[in-house]
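Two independent chains are provided; combine them into the complex using the hints.
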Amino acid sequence: MSRPQMKLGAFLMAGGHHIAAWRHPDAHAQAGSDIDHFIQLARIAERGKFDMIFIEDAAAIRERNPDLASQAARSTAFEPLSLLAAIAVNTSHIGLVATASTSYTEPYGLARSFAALDQLSGGRAGWNLVTSASELEAENFASSGLRPHSERYERAEEFADAALALWDSVEEGAYLPPDGKAFADRSKLHPVHRHRKHFAVDGILESQRSPQGRPIMVQAGASDVGKDLAARTADVVFAASQTKAEAQAYYADVKARLAKYGRGHDDLKVMPGISPIIGATEDEAKAKYRALQDLIPDAVGVALLASYLSIQDLSAYPLDGPLPEMPQTNLIQSRQQLIVDLGKREGLSIRELARHFAGARGHWQVVGTPSQVADAMEERFLDSAADGFNVMAPLFPSGLEDFVTLVVPELRRRGLFRKEYEGRTLRENLGVASPNKG
Amino acid sequence: MLLGYSLSPFGHDPDAWRQARDGRLLGFDALLGQVAAAEAAGFDFVLLSDRLGLRSSDDLSSVAVPFEPTLFASALATRASRIGIIAAASTVQHEPYNLARRFASLDLISKGRAGWLVVTDDSDAGRESEYVDVVTALWDSFEDDAFLYDKTAGRFFDPSKMHVAHHKGPYFSVRGPLNVNRSPQGRPLVAHLLGDSNKALAARTGDLLLLQAETADGLVTAAAHAVKAVEAAGRSRRGIRLLANIVPIIVSGSQGTDDASGFPGYDQAIRIAGTTGEITDQLLELAAAAGLDGFTIFPPTLEMGQRFISEIAPELRQRGMTGPNAGTTLRDRLGLARWVHPSGLGEEILR
Ligand SMILES: Cc1cc2nc3c(=O)[nH]c(=O)nc-3n(C[C@H](O)[C@H](O)[C@H](O)COP(=O)(O)O)c2cc1C
Chain A
0 MSRPQMKLGA
10 FLMAGGHHIA
20 AWRHPDAHAQ
30 AGSDIDHFIQ
40 LARIAERGKF
50 DMIFIEDAAA
60 IRERNPDLAS
70 QAARSTAFEP
80 LSLLAAIAVN
90 TSHIGLVATA
100 STSYTEPYGL
110 ARSFAALDQL
120 SGGRAGWNLV
130 TSASELEAEN
140 FASSGLRPHS
150 ERYERAEEFA
160 DAALALWDSV
170 EEGAYLPPDG
180 KAFADRSKLH
190 PVHRHRKHFA
200 VDGILESQRS
210 PQGRPIMVQA
220 GASDVGKDLA
230 ARTADVVFAA
240 SQTKAEAQAY
250 YADVKARLAK
260 YGRGHDDLKV
270 MPGISPIIGA
280 TEDEAKAKYR
290 ALQDLIPDAV
300 GVALLASYLS
310 IQDLSAYPLD
320 GPLPEMPQTN
330 LIQSRQQLIV
340 DLGKREGLSI
350 RELARHFAGA
360 RGHWQVVGTP
370 SQVADAMEER
380 FLDSAADGFN
390 VMAPLFPSGL
400 EDFVTLVVPE
410 LRRRGLFRKE
420 YEGRTLRENL
430 GVASPNKG
Chain B
0 MLLGYSLSPF
10 GHDPDAWRQA
20 RDGRLLGFDA
30 LLGQVAAAEA
40 AGFDFVLLSD
50 RLGLRSSDDL
60 SSVAVPFEPT
70 LFASALATRA
80 SRIGIIAAAS
90 TVQHEPYNLA
100 RRFASLDLIS
110 KGRAGWLVVT
120 DDSDAGRESE
130 YVDVVTALWD
140 SFEDDAFLYD
150 KTAGRFFDPS
160 KMHVAHHKGP
170 YFSVRGPLNV
180 NRSPQGRPLV
190 AHLLGDSNKA
200 LAARTGDLLL
210 LQAETADGLV
220 TAAAHAVKAV
230 EAAGRSRRGI
240 RLLANIVPII
250 VSGSQGTDDA
260 SGFPGYDQAI
270 RIAGTTGEIT
280 DQLLELAAAA
290 GLDGFTIFPP
300 TLEMGQRFIS
310 EIAPELRQRG
320 MTGPNAGTTL
330 RDRLGLARWV
340 HPSGLGEEIL
350 R
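Residue numbers (numbering that gives the first Met the number 0), protein chains in the order written: chain A, 0 to 437; chain B, 0 to 350.
Next up, chain B with everything else stripped away, as it sits in the complex (with noise of 0.2 angstroms):
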């Protein structure tokens, strides 16, 4: 099974912050805390989200990551070594070409543990997915054997192994090639949370996939939509990663779940309440009632997070759903093929 930690400072729950007044939470090291017990409890990823897109106008938001996410998924990448880091951002925020780019050194700088989010702009599918394609054409513009270093011929590269997209569309003109070297997975991940109006996009281009929904039946439903998208974009089920999102609230045995009560349900993530083995059944009967590789945790309060850390992550350890992970890019972790160069599949994608 697979477990995805949502990162914030105080955690999901809007009110969270009232717990834990304490500015020093916002801060890097707080934040790098969080991660690192996430990475020791054997968390394959982080998700760094951006209110998951929402351009605040008016305030900091106390549930997303304070710090614009794909910088501080740089800085967090020198300083965990193992865990996957996801960070949100926007097409509507970052010119293709600079997005590819950020990624790109992200995938460097964490030595091969990025992912993408992809937050779109629905109100228009076209561009969302000519954005999408300008991206992943970048990260192809140079293949995996491009990078020469002969310094006795003084060649730095091979330029046949340069690719110059010449990317002309209806939104983006874009020359190419991106001046980043091939990243250490052929590129990074690409995730996105699965919406009504992207999931044609989602079930295109995304490696992994976060699914949202209320209820255990409605995340059943949405998990068969998702895997019948995937398979109408020509893509096999094995070549993805479903995931869904959990509200983890945890109460000791002699509460009783009315305790849990007190948290709200957020429409991005399933509310799962009990004791930890009850949890933990939970998500064992979600996982195979809705075919699920695993979890996305949106841990309500820092403590809830901490709980499923030492509490439910042992758990199903013990039950043998999570072990030791030997992947050292997040693709390896996440049991996907690294991402193979158009051109080692026998036909010129890109001119």
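Chain A with its partners taken away, still in its complex shape (with noise of 0.2 angstroms):
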């Protein structure tokens, strides 16, 4: 009997996860601008036949404070079009998904660029959207400062239709006709025509339409209006839940939404986050992440939290005690009541919170043996909790190695992973629809 098939995205970062990796004495520090290393990572994870790798993406520095942001090898990266673009002509199978937000691009560049990375890697495109929730990216781009959240998603919703429209403006076989008589065949071309609120879009995309119909969407909003686009538009959701319960009611409440749109269960795979800090046995696994732990500067992770929080200024409040009462932000709704409800759930301090925050930032962390993080997964899949993992390896490329020649072979062993691809673009190895049927 065939076991349902969990889905598996590589969540790429640098030198690793963990906000202090690029500290850790086998990290390679220069990694964050290391195209070699990328394609290195995601070749891994093609070893693995992971279904796709992912980048996140902020049009920003993410610390204000210069001599916090200076601490974080974060503060710099690759852009993740340009990224995946190489990585695309340097690898064969892997999906290839990238952050980019709606408040800060134009749906015309924006479609070009992803059709772009769709044609140079065969089908394997993927775009993660995303509203921007940062102060420091909006003064990147504007004088009049971050825009209200249901602002930010009427955009996003208007531009996620452009978008789509516009790489629907080209049929199959539009260019080269076997008649000969043009270059194009006008019949294959559908002119978009748009005049919204927020976007004037007229004319086809400058590509040929995609080996895979359309780039696969990817969402990771978690509020009422993120999770109804996500439940009308995306192909993936993304998420960061602590519990299983958590999990699980993320996982209902986005699949509860899609027969609103006319679609089905599983058109829509549902991927959270997980770290997972590998070792031969469970002391040797919380070895690893204690010695990561001990890397964290306390200024950096308060700093980190207070960010995910959108609190000015977390470090005026005791270290040692609890999180201060907040009202709820603009910026990012469900991480900060992730962290609240971890920080009374398990009566943490500010600094212990921090600390266990840095790992991650809020994603699920598993420590244990091989066979141990395959049971938490195995666990959560079963239990509708996720059709699927974002795995992000505290440390690369030595975090994604492991999982791949140790987690990955257990949960084969499980019938709950696949041996080969089954096609070539990311839309077959997900198994959802293709909008050229319908």
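Any given hint could turn out to be false.
[To be verified] In the DSS-like style, the derived pairs of lysine-lysine whose C-alpha atoms are separated by at most 25 angstroms in a straight line are:
1. B:K150 / A:K287
2. B:K150 / A:K285
3. A:K343 / A:K285
4. A:K243 / A:K254
5. B:K160 / B:K150
6. A:K418 / A:K48
[Claimed, not checked] Not everything, but these chain A residues come out facing chain B in the computed CB check (under 7 angstroms):
7. A28
8. S32
9. E78
10. F182
[Said to hold, decoys possible] If the Cβ cut is set under 8 angstroms, some of the chain A residues that face chain B in the computed set are:
11. Q29
12. I60
13. S81
14. L82
15. V88
16. A115
17. L116
18. Q118
19. S142
20. L145
21. Y174
22. D178
23. K187
24. E205
25. P296
26. V339
By construction, these hints were calculated from the structure, which means they are not laboratory data. Ideal Cβ placement from N, Cα and C applies to all residues, glycine included.
Below is the structure:
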């Protein structure tokens, strides 16, 4: 009997997801600006038959205070689409998902960029649509500041529809038709004419049709509007949850919204983050975790926590006391809630919470042997908490290498993960419906 | 003599696709094949144009690169290891912060071989000028030795060597800093296709100026005007590179140049027809007459591109006009100095 198959993404980040990864003795401190390092990571993930790699994004430095920014490797990074275009022509099967904001780009340029990534990769592109929740990003684009949450999502809705329409403006075989009379077959080009509140889009996409119909749409919003947009337009959602109950609630919530948009349960894959710290024995795994935790400067950890809580200065409160009461944020509402809940549930002080959070920025951390990690994943996968996982290795390349050589075979033994890719496009491998049929 | 190769899937003649009716030519592998041949023949850079700025509204161009050029450049950079890569990007299609990131990333991915061909919207010179200044200021967000990677001290970079632009102008408001490491070249090369409306901007900000003229006389005049504009901007002729766009039409000795009449000229390039020896002579004469540093070829067809590579490039080498180039970055290859961060000049240009 064949069991349901887990989807796997490798969330890549320079030296590692752990905030202090770059300081680890094994770390390649310049990883963030080394293209060969990223190509190597993508190939490791492809060897493990991962569905995709995933790159996050912010169009700004992430910390306003220069002293704190200068202690974090995350302060600089490759622009994700440029990075994935380079990886595309050095890999053959793995999906390539780049984050890009609807708040600071225009639909035509962005749709064209993802079309280029899709062509370069032979149909392996995906777009993680985000609305960008930081003031620092807003300040790189306008003097008017960050737009309110609802307005960002209103723009995102319109943006997504414009991008989808542009990708559909070109049919397969639109260029070099067999009759040979003209370069383009006009009957296969469908110019878009959309003049709405935020964007005016006229014309067709300057590209051939995507080999997978259109790029895969990914989202990670956790607010109500965010989940609705995902249920309407996304093929994959990422999420951050700590407990199984939280993950199940999110899973049920998002899946329940699909019917409203005429979509089926399996049309959207829910893939929460997992940060696995793997050791041959449980003690070895714990020691690995501690070695990383010891490298976190308190000020850096607290600043990271504060940025997700959208609190200006958390260091004004006693570090060994609890979190202060906070108003609901205009920024990342869901992550704020997760942190507050975690602090209350486990009775953590600000310092403890910051250290815990710095490991994987609020994502689920599992410290243990390969079979313990596989057990934890299997449980959430089978209990309707996830269709798969976005794997966030604390340290690269070793954390990903460990996962591929130790955990993936364990998942395969249990019949939960593929031995070979099903197809060549990301859409085929994820097994989500193609817009061509419909 | 410097040589650039303008890439197009079928050739720059709008009808070239009719001779080479093969969809594979629109794909990455075929385009990479052209670039690899140009690289092996000693070309200094490949130019990836985006219809030189005109945003199509109704179809894919058969003469422009079929992918968004900055991303295509990034892919190319990992598979062609020596040639410079100059990608066109328009100031109306990208926000300055986003564009600065793309090219800074490309410079890292190509290990210092990236160039930006600035495609402007000519209706507002003030906006265009401010745009380029914002981008170049963002590229100077970090000094050359800002990144310490000091694991023990936990210091990734030296915060005193980070510069936040805090730009507030009539058209753009951009805080900075750029969230990308310092460019291997100091900053990516800046290229302009010289026209009437962008001359002042090009002369002030360009490292590489591409001249377009339809006749030899026109080229000599255009080059003289360009040099005058560069000097008027307070820069030295030696600090820039001046290349002319040409359409090479190579005929075999017995054919005579009449056979070349099938190829139309383009307003962005001068047509040069003849046998290998004749074209080589003409290039040398033109370079001397106009004081040029070299040429960017716009092959009208793939065949002409191949023949330039297999016949004229070796001829130029034989006559000592081109030779092995030891430069690893694009600036090195063009004989231009590495970009020096303004802080190194002893004047605080950035706030
Ligand atoms: C796994 C994951 C990755 C994310 N990556 C990014 C990112 O790279 N850039 C970003 O601006 N937001 C990112 N987000 C944030 C969300 O996509 C979303 O924009 C944010 O949560 C605000 O929307 P909400 O209020 O609907 O939650 C990420 C969220 C998750 C769960």
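Status of each hint after checking the structure:
no.: 1; hint: B:K150 / A:K287; in the structure: 17 angstroms, holds
no.: 2; hint: B:K150 / A:K285; in the structure: 22 angstroms, holds
no.: 3; hint: A:K343 / A:K285; in the structure: 24 angstroms, holds
no.: 4; hint: A:K243 / A:K254; in the structure: 16 angstroms, holds
no.: 5; hint: B:K160 / B:K150; in the structure: 18 angstroms, holds
no.: 6; hint: A:K418 / A:K48; in the structure: 7 angstroms, holds
no.: 7; hint: A28; in the structure: 4 angstroms, holds
no.: 8; hint: S32; in the structure: 4 angstroms, holds
no.: 9; hint: E78; in the structure: 4 angstroms, holds
no.: 10; hint: F182; in the structure: 5 angstroms, holds
no.: 11; hint: Q29; in the structure: 6 angstroms, holds
no.: 12; hint: I60; in the structure: 5 angstroms, holds
no.: 13; hint: S81; in the structure: 4 angstroms, holds
no.: 14; hint: L82; in the structure: 7 angstroms, holds
no.: 15; hint: V88; in the structure: 4 angstroms, holds
no.: 16; hint: A115; in the structure: 4 angstroms, holds
no.: 17; hint: L116; in the structure: 6 angstroms, holds
no.: 18; hint: Q118; in the structure: 6 angstroms, holds
no.: 19; hint: S142; in the structure: 4 angstroms, holds
no.: 20; hint: L145; in the structure: 12 angstroms, violated
no.: 21; hint: Y174; in the structure: 6 angstroms, holds
no.: 22; hint: D178; in the structure: 11 angstroms, violated
no.: 23; hint: K187; in the structure: 10 angstroms, violated
no.: 24; hint: E205; in the structure: 5 angstroms, holds
no.: 25; hint: P296; in the structure: 5 angstroms, holds
no.: 26; hint: V339; in the structure: 28 angstroms, violated
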